[in-house]
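Build out the structure end to end from the sequences listed, making use of the hints.
Just so we're aligned, residue 1 is where the sequence shown starts under this note's numbering, counting upward by one.
It should be emphasised that the hints constitute simulated quantities derived from the structure, not laboratory data.
Incorrect hints may appear among the rest.
Only pairs whose alpha carbons sit at most 20 Å apart, straight line, appear in this in silico EDC-like list of lysine to aspartate or glutamate [what the hints assert, rightly or not]: (1) Lys284 with Asp88; (2) Lys260 with Asp311; (3) Lys321 with Glu269; (4) Lys321 with Glu209; (5) Lys284 with Asp131; (6) Lys170 with Asp75; (7) Lys118 with Asp75; (8) Lys321 with Asp188; (9) Lys284 with Asp188; (10) Lys260 with Glu238; (11) Lys72 with Glu110; (12) Lys260 with Asp318; (13) Lys72 with Glu90; (14) Lys72 with Asp131; (15) Lys72 with Asp172; (16) Lys72 with Glu46; (17) Lys321 with Glu46; (18) Lys170 with Glu110; (19) Lys260 with Glu209; (20) Lys118 with Asp300; (21) Lys118 with Glu238; (22) Lys284 with Asp172; (23) Lys260 with Glu310; (24) Lys170 with Asp188; (25) Lys170 with Glu90; (26) Lys284 with Glu90; (27) Lys284 with Asp257; (28) Lys170 with Glu238; (29) Lys321 with Asp311; (30) Lys170 with Asp88.
None of the values given here were measured: they were computed from a predicted structure.
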Amino acid sequence: MEFHLLTTLILGGAGFVGLNIAEALMASGQSVVLFDRSAPPPAFVEHHAAGGLLTVVQGDATDAAAVHAAAKGCDTLVHGAAITAGPDRETTDPGLILAVNNGSLVPALEAARDEGMKRVVILSSGAAYGDAGFIHDDLDEDTPCDPVGLYSITKFASERIARRLGTLWKVDVRVVRLSAVFGPWERDTGVRDTLSPHFRIMQAVSRGEPLILNRAAVRDWIYAPDVGTAIAGLLAVEAPQYPVYNISTGDRWTVLDWAKIVAGLTGTEASMAGPGETPTVPVKDSGDRAPMRIERMLADLPPARNSGCEDSARAYLDWWKTFGPAVVGDVA
1 MEFHLLTTLI LGGAGFVGLN IAEALMASGQ SVVLFDRSAP PPAFVEHHAA
51 GGLLTVVQGD ATDAAAVHAA AKGCDTLVHG AAITAGPDRE TTDPGLILAV
101 NNGSLVPALE AARDEGMKRV VILSSGAAYG DAGFIHDDLD EDTPCDPVGL
151 YSITKFASER IARRLGTLWK VDVRVVRLSA VFGPWERDTG VRDTLSPHFR
201 IMQAVSRGEP LILNRAAVRD WIYAPDVGTA IAGLLAVEAP QYPVYNISTG
251 DRWTVLDWAK IVAGLTGTEA SMAGPGETPT VPVKDSGDRA PMRIERMLAD
301 LPPARNSGCE DSARAYLDWW KTFGPAVVGD VA
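Printed below as a string of structure tokens:
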């Protein structure tokens, strides 16, 4: 049995993960309120304007009054406000990282409590496993985490903060650790210091360049619309068994595998960079993290969509042809 949802507030909703969650919810006839300091891409708003299910509010997720105002009448909340920081930003602006990634939790949970919301979903990350992701064969939700960078530290801390406040304030809080996400609506918003290599591949295709990678980069990659479907399912299911869920696919493949599929569909070539060759698709991730186990997700959530390597390449290319230039702009 599922309870019917009316409206979901998505904090950090203009980010590409938030937009894919919004699309999944609107596809099921639910209303969404996107709350973010930045506006969503005009193409997104125009594409969904006719449905009458989309509201956009610009504001700061650490501003309690603004969050409370946006939360009026909402049934559920997704907290996705975050700065995905790399070492340079950690060095120059650690205060902002902590303020956004952790400081926005109290306004969110207060608003959920005061509005009597049915559920709050906290978007955490596989990054919360930290260095544990490189010493285990796989990662389940009970694997001890060892976060090191500020992003991974704040993600792990956000899980514990939200769950504690949920217990104290009697708010149903569920945490999801997202695997490596890529796909529609990704763009440089200024708050994600490392963009996905799949996005870089789309840029290289648009420039007419061969797809030359510096790393094959194996991981349990997940297509953003599949994340949206999973989160919509978690918001809807009546009685989830667990406080924390890995959201992944159960499959591993390389960016090089994906690039070769894209190359075959677009008439270009994909390969690893040779000695002295400059990559057109620089892969900057921290290494090949262990895959995340998804038994909890499969047991509790509605049947998950897994686009996989080939289907996601085809779908992303189709999306890019329609929206890429309008969303990303000049890729030269």
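Hint check:
1. Lys284 with Asp88: Cα-Cα ~14 Å, so holds.
2. Lys260 with Asp311: Between Lys260 and Asp311 the Cα gap is close to 13 Å, so the pair holds against 20 Å.
3. Lys321 with Glu269: At roughly 19 Å apart (the allowed maximum being 20 Å), Glu269 and Lys321 satisfy the hint.
4. Lys321 with Glu209: 16 Å, holds
5. Lys284 with Asp131: It holds: about 17 Å lies between the C-alpha atoms, which stays within 20 Å.
6. Lys170 with Asp75: 15 Å, holds
7. Lys118 with Asp75: 6 Å, holds
8. Lys321 with Asp188: 18 Å, holds
9. Lys284 with Asp188: Answer holds: Lys284 to Asp188 is near 15 Å, not above 20 Å.
10. Lys260 with Glu238: 42 Å, violated
11. Lys72 with Glu110: 12 Å, holds
12. Lys260 with Asp318: 16 Å, holds
13. Lys72 with Glu90: 34 Å, violated
14. Lys72 with Asp131: 40 Å, violated
15. Lys72 with Asp172: With a Cα-Cα distance of about 18 Å, the restraint between Lys72 and Asp172 holds, given a limit of 20 Å.
16. Lys72 with Glu46: Not OK: Lys72 and Glu46 at ~24 Å, beyond 20 Å, violated.
17. Lys321 with Glu46: Cα-Cα ~17 Å, so holds.
18. Lys170 with Glu110: 11 Å, holds
19. Lys260 with Glu209: 13 Å, holds
20. Lys118 with Asp300: Measuring from Cα to Cα gives roughly 17 Å; hence the hint holds.
21. Lys118 with Glu238: 10 Å, holds
22. Lys284 with Asp172: Violated - the C-alpha atoms of Asp172 and Lys284 are around 36 Å apart, more than 20 Å.
23. Lys260 with Glu310: 10 Å, holds
24. Lys170 with Asp188: Distance of about 37 Å is beyond 20 Å: violated.
25. Lys170 with Glu90: 34 Å, violated
26. Lys284 with Glu90: Distance of about 16 Å is within 20 Å: holds.
27. Lys284 with Asp257: 17 Å, holds
28. Lys170 with Glu238: 16 Å, holds
29. Lys321 with Asp311: 16 Å, holds
30. Lys170 with Asp88: This hinted pair is violated, its Cα atoms lying about 39 Å apart.
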